[in-house]
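Student: Here is how the chains run, residue by residue.
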Amino acid sequence: MQFMLLFSRQGKLRLQKWYVPLSDKEKKKITRELVQTVLARKPKMCSFLEWRDLKIVYKRYASLYFCCAIEDQDNELITLEIIHRYVELLDKYFGSVCELDIIFNFEKAYFILDEFLLGGEAQETSKKNVLKAIEQADLLQEVRALATA
Amino acid sequence: EEAEKRANMPAVSKGDGMRGLAVFISDIRNCKSKEAEIKRINKELANIRSKFKGDKALDGYSKKKYVCKLLFIFLLGHDIDFGHMEAVNLLSSNKYTEKQIGYLFISVLVNSNSELIRLINNAIKNDLSSRNPTFMCLALHCIANVGSREMAEAFAGEIPRILVAGDTMDSVKQSAALCLLRLYKTSPDLVLMGEWTSRVVHLLNDQHMGVVTAAISLITCLSQKNPDEFKTCVSLAVSRLSRIVSSASTDLQDYTYYFVPAPWLSCKLLRLLQCYPPPEDGAVKGRLVECLETILNKAQEPPKSKKVQHSNAKNAILFEAISLIIHYDSEPNLLVRACNQLGQFLQHRETNLRYLALESMCTLASSEFSHEAVKTHIETVINALKTERDVSVRQRAADLLYAMCDRSNAKQIVAEMLSYLETADYSIREEMVLKVAILAEKYAVDYSWYVDTILNLIRIAGDYVSEEVWYRVIQIVINRDDVQGYAAKTVFEALQAPACHENMVKVGGYILGEFGNLIAGDPRSSPLVQFNLLHSKFHLCSVPTRALLLSAYIKFINLFPETKSTIQEVLRSDSQIRNSDVELQQRAVEYLKLSSIASTDVLATVLEEMPPFPERESSILAKLKKKKGPGAVSVNELEEGKREGGELNGGGERGGDSSSTPSPSADLLGLRAGPPVTAAAPSAGSLLVDVFSEAVKQPSPTAFLRLFVCKNNGVLFENQLLQIGIKSEYRQNLGRMYLFYGNKTSVQFVTFTTTVTCPGELQSHILHIHTWNSLEPLIEGGAQVQQVINIECLTDFSDAPLLNIKFRYGGALQNLTLKLPVTINKFFQPTEMASHDFFQRWKQLSLPQQEAQKIFKANHAMDTEVLKAKLLGLGMALLENVDPNPENFVCAGVIQTKAQQVGSLLRLEPNAQAQMYRLTVRSSKDTVSKRLCELLAEQF
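Protein chains in written order, with UniProt numbering: chain L, 1 to 149; chain P, 1 to 940.
Simulated from the structure, these hints should not be mistaken for lab results. Treat each hint with caution, since some may be false.
As the list claims (entries may be wrong) - Simulated pairs of lysine to aspartate or glutamate, DMTMM-like, Cα-Cα distance not exceeding 25 Å:
| hint | chain 1 | residue 1 | chain 2 | residue 2 |
| --- | --- | --- | --- | --- |
| 1 | P | Lys-930 | P | Asp-883 |
| 2 | P | Lys-854 | P | Asp-446 |
| 3 | L | Lys-132 | P | Asp-254 |
| 4 | L | Lys-27 | P | Glu-37 |
| 5 | P | Lys-304 | L | Glu-88 |
| 6 | L | Lys-12 | P | Asp-254 |
Input sequences plus hints: build the corresponding full structure.
Tutor: Quick look at the structure:
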């Protein structure tokens with residue numbers, strides 16, 4: 001996977017993860033172009049589209065669009081389920097996640113993503129294992145917070 | 001909607017809440033305008049800056065909070081140019097979330113300041129050696145997210161050790177594997193697996209599914225680059241896959257996803273296997289075929305869940321399995337089953353599946369085993385093209401129709417594509433037009449069908465018909481006299497339409513100018529009717545088209561003397577002869593003059609029908625010259641006083657003409673040279689000038705290359721003045737070329753200079769040193785001088801070096817640029833091998849990019865001996881008794897460049913009945929396959 005973008009129906013970018021080195025300018029250009037392209041598509045349309053030399057896989061969950069760019073030989077359907085698993089992870093962590101959770105706890109959204117995908121590839125697909133890693137970290141903080149209080 | 005129901009700020013914040021951050025975020029959200037937002041952000045930036053600069057040391061929490069705010073501001077799209085040092089400080093905090101925020105900031109706002117990088121690397125080093133798995137993972141995530149060269153330099157040696165160490169925690173192994181993958185992608189030279197290779201491959205056997213899932217991505221990437229070193233992964237992958245495929249849906253616990261066991265790992269295993277040819281070990285292969293069959297069988301079973309996640313995960317594996325089956329292209333049974341499965345998906349209610357089935361079937365169509373099976377779905381695909389509501393699906397359908405097209409269904413497919421074009425989306429029209437044009441030409445049995453198709457294209461989608469397309473129809477009509485009468489009749493009819501596309505006027509003008517006589521017998525299309533029809537379009541057309549029409553008119557004067565006075569009248573009118581456009585004015589003036597002073601004989605010669613295209617021998621001027629002797633033909637003779645001096649060489653310097661700027665008439669010139677016009681070819685200004693540029697035999701530079709691909713000696717160039725002979729020899733990656741310049745006249749050439757240049761990238765691919773044997777810049781009449789050029793091939797290349805020759809002959813400067821026939825195949829070393837070895841190597845070179853293939857029409861008689869001689873001349877070994885089909889030719893050789901050796905295999909399959917060839921080249925380097933294929937396709 002080359003990058004993943006989360007954006008709202010209003011076109012506001014909520015999360016961006018780049019797995020290839022690009023300049024900030026290029027990233028902004030890509031984001032603008034893709035947000036526009038995806039938002040222009042109708043609901044029943046297919047979840048895949050060709051874009052430049054990449055394949056775009058996207059899916060809408062409530063007010064948020066999840067959009068991944070994969071390479072030619074990558075598998076579209078399994079990418080759709082990568083998106084779904086990430087949504088499940090967010091949902092489990094936040095307890096029925098909504099866009100606001102991701103806005104206010106953007107750093108957590110990044111941490112969860114890093115446990116699940118690294119370098120654009122699935123690192124751990126077990127929901128239990130990913131959440132265990134995140135919760136351990138949270139616990140670590142609380143224990144230390146108690147200790148220093 | 002759900003989001004809006006909630007309060008503006010979430011009630012619960014996980015872990016440790018940063019109240020200040022939450023307040024700031026909701027402030028931003030409450031901003032009513034962009035300006036207000038910027039104001040709020042600037043206020044915050046000033047606040048943070050003062051805190052960071054302040055005398056009071058900030059505690060870890062505040063530092064974390066401010067760094068997090070900066071990050072938030074950056075992610076909103078604003079520039080952040082400070083805070084890096086504070087983030088780096090957080091890295092060495094012993095509080096986990098402070099460290100975590102520090103790493104996040106560093107990962108998102110990568111900085112190239114070397115002092116910072118040193119500090120960051122230090123912190124990472126500490127965490128990596130901390131033996132605290134959570135810290136180690138954070139550090140590895142950071143390396144994987146940044147992936148810079150500096151990080152690769154610092155850690156590429158350490159990470160493989162962490163990855164394979166016995167006491168490394170599973171979660172750390174997972175991060176280490178993908179971290180290494182990222183570093184390998186950015187700096188492959190720094191990641192050396194060497195001694196670790198076998199232990200990394202054996203991670204496929206790890207009992208932790210998460211470790212296997214992460215490691216396999218690394219192994220796949222490494223296998224693509226070093227297939228031999230990693231080939232033991234094949235049998236491990238097959239047994240792992242087999243265990244997953246045969247497991248019950250609950251066996252794998254949390255790695256089962258919606259009743260599908262380990263879908264991600266399964267897909268990755270199938271993907272890894274696509275880096276290799278089918279397993280040679282019979283048992284392994286048998287096991288794999290069994291897996292593939294099981295996957296195909298499962299597709300027919302009733303779903304275990306109605307959830308889309310279940311079917312997506314299951315079908316993801318199915319599509320990956322089909323990709324592997326297509327990749328092997330050796331199991332007819334599986335290929336046909338795959339095709340049937342995709343056929344079912346073509347009518348599935350899920351748009352996604354229809355899309356993927358169309359896409360996957362495209363590759364299936366190119367396999368000889370499944371091509372026929374794919375063709376049976378033609379009606380469904382046509383229906384998809386007509387009825388799919390999503391343009392991206394229609395696009396796939398059009399692609400598939402193109403891929404499944406052959407002689408048997410070409411007429412149906414072309415007709416369907418044409419009718420689709422009438423309503424096609426603008427975004428795909430141009431591509432559709434090209435596809436229709438290619439299919440129509442490729443499968444034309446009778447050329448009247450071809451002409452009809454192209455004219456229909458222009459009628460339906462004229463705006464999307466590029467030059468190449470209408471050039472091509474003209475080339476084909478000119479080269480095939482059986483279709484010329486039909487073409488003339490058809491364009492004549494097409495031009496009757498009150499509003500026709502300008503491209504139609506171009507084609508019509510050109511074809512009637514050449515072949516209008518073939519329909520002139522019919523009073524309904526008498527010469528004057530034809531002329532009036534063309535001229536009725538004239539005023540609506542752009543300058544290039546008008547220029548073309550003027551040339552058609554002068555051709556009419558030759559074809560039909562009875563139109564002469566009418567056309568002269570038109571040319572003489574102010575709107576032509578005083579046209580503000582220089583090109584049009586010049587044509588009008590020159591054509592008028594030509595028509596009034598040239599004898600019928602001269603006119604007939606100058607305006608003769610265009611010769612067939614591949615041969616670029618100029619008939620017109622060669623004939624004139626023969627009649628009058630060298631030097632006699634000057635522009636003066638046909639056009640008094642306009643130009644000075646006897647110019648013989650079209651490439652000569654000509655004051656103020658348009659040879660250096662592309663002129664509207666380049667169209668016409670382009671046609672003669674066979675488009676696209678190469679940059680090196682002198683482009684002349686008008687038809688007349690064009691005619692004169694043919695005064696010397698000036699083949700296009702590319703034509704030379706073609707002549708010398710399969711031979712090393714011969715005449716490179718000849719005109720009335722100069723002959724250039726060539727002799728060359730090659731050994732390993734070195735070559736020596738002798739050039740002989742002969743003065744054919746009795747007058748000396750002065751200031752004779754030559755320069756060899758390697759344009760563009762070529763400079764770094766070929767190195768040449770050339771030496772003069774004769775230092776005199778003077779060649780006496782009748783004398784010959786020799787030049788030696790040494791050539792060294794550094795790495796593979798596609799373009800050819802340019803040879804520029806300048807000299808003065810009788811005061812006139814002659815300037816000539818030729819391509820030197822140095823082609824990549826010159827550096828071949830032939831390789832003899834037995835049939836078994838050949839096919840084994842053939843299979844090893846199985847990545848799609850390693851293969852280049854062309855199917856093309858025979859340009860010469862398909863004589864076996866001639867073919868053999870050409871293939872030998874190519875420099876490869878011609879292997880006898882290798883191909884099971886004795887009609888086919890196979891060759892093997894290694895290209896020697898300084899940088900590397902490139903093994904190449906070639907297969908040429910003649911089809912005498914269709915007068916076609918299929919040429920396939922496989923090389924260890926993709927650019928070489930492509931180039932060899934291009935070079936050779938022009939030889940037969």
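Student: Taking the hints in turn, state whether each one holds.
Tutor: Hints, verified against the model:
Taken as a hint, the P:Lys-930 and P:Asp-883 pair is honoured in the structure, with Cα atoms around 22 Å apart against an allowance of 25 Å. Of the pairs offered as hints, the one joining P:Lys-854 and P:Asp-446 holds, with about 22 Å between alpha carbons and a cut-off of 25 Å not exceeded. For the suggested pair L:Lys-132 and P:Asp-254, the alpha carbons sit about 13 Å apart, so the restraint of at most 25 Å is met. Simply put, L:Lys-27 and P:Glu-37 have alpha-carbon atoms about 22 Å apart, close enough for the 25 Å limit, and the pair holds.
Under the criterion of a C-alpha separation no larger than 25 Å, the hint pairing P:Lys-304 with L:Glu-88 is consistent with the structure, at around 20 Å. For the hint linking L:Lys-12 to P:Asp-254, the alpha-carbon distance of about 34 Å lies beyond 25 Å, and the restraint is violated.
Hint 6 from the earlier list is the only one contradicted by this structure; the remaining hints agree with it.
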